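Colleague: Sequence:
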Amino acid sequence: GTMNSRRLFGRKLSMTRSFAFQYGKAAFTLEDSITNHGTEPVPLMLLYHFNMGYPLLSEDAKLYIPSKRILPRDDDADASVWDKMAAPAAGFKEMCYYHALENGADGRAVFGVDNPACGISLRIKYDAGVLDHFVQWRMLGEGEYVTGLEPCNATIGGGDKARAAGTLKSIGPGQTVRCPFEVTLRSL
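Every letter in the sequence shown is one number past the one before it in the working numbering, and letter 6, counting from 1, is 1307.
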């Protein structure tokens, strides 16, 4: 389907999302195409929030995030536990980490979760040239047990912070930005 975000004297963007499935395969592709139909460049901030929850996420799960560098967002994000899963805990405070992922020779990065206890492995591959930042959100609280794995094209915190950090991207007139993902499940 296609969504439009258009204003008089403002941005004129459309986003088309497509999915492709193949019978008998435990995989699918997702692709977003964002087009600027206007006559001026406009800021473009993208963040894909893939939420991993129970039963894939449990104290038995192992994150697959091949990082070259990990930076905690703040003092609450203990760098020594970014990849450790635990049972849901009362009063857990969210933690956020910025990762610099290893890219393959094809320019794509991959991340995922393995859980031997439920016998499932998940991998998500994407174009790291377009989504050149990666955020991990960790919330292991009772009733709020989730980890968000988030490829994005800028630092998070809003347009002003991304602009100040020099990471804010724009999309030019007539330009289309494509964000393809391959999602694969397999048995362990």
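Hints in this document: simulated from the structure, not taken from any laboratory. Hints are supplied without guarantee of correctness; some may be wrong.
[Unchecked claim] Using 20 Å as the maximum straight-line C-alpha spacing, the simulated PhoX-like pairs for lysine-lysine come out as follows:
#1 Lys1426 with Lys1326
#2 Lys1313 with Lys1426
#3 Lys1394 with Lys1369
#4 Lys1385 with Lys1363
#5 Lys1426 with Lys1369
#6 Lys1426 with Lys1363
Since the model is a prediction, treat every value here as computed from it, not as a measurement.
Colleague: Hint by hint, say whether it matches the structure.
Modeller: Now for the hints, and whether the structure bears them out:
no.	hint	verdict
1	Lys1426 with Lys1326	holds (16 Å)
2	Lys1313 with Lys1426	violated (29 Å)
3	Lys1394 with Lys1369	violated (25 Å)
4	Lys1385 with Lys1363	holds (7 Å)
5	Lys1426 with Lys1369	holds (17 Å)
6	Lys1426 with Lys1363	holds (17 Å)
Hint compliance for this structure: hints 2 and 3 are broken, all remaining hints hold.
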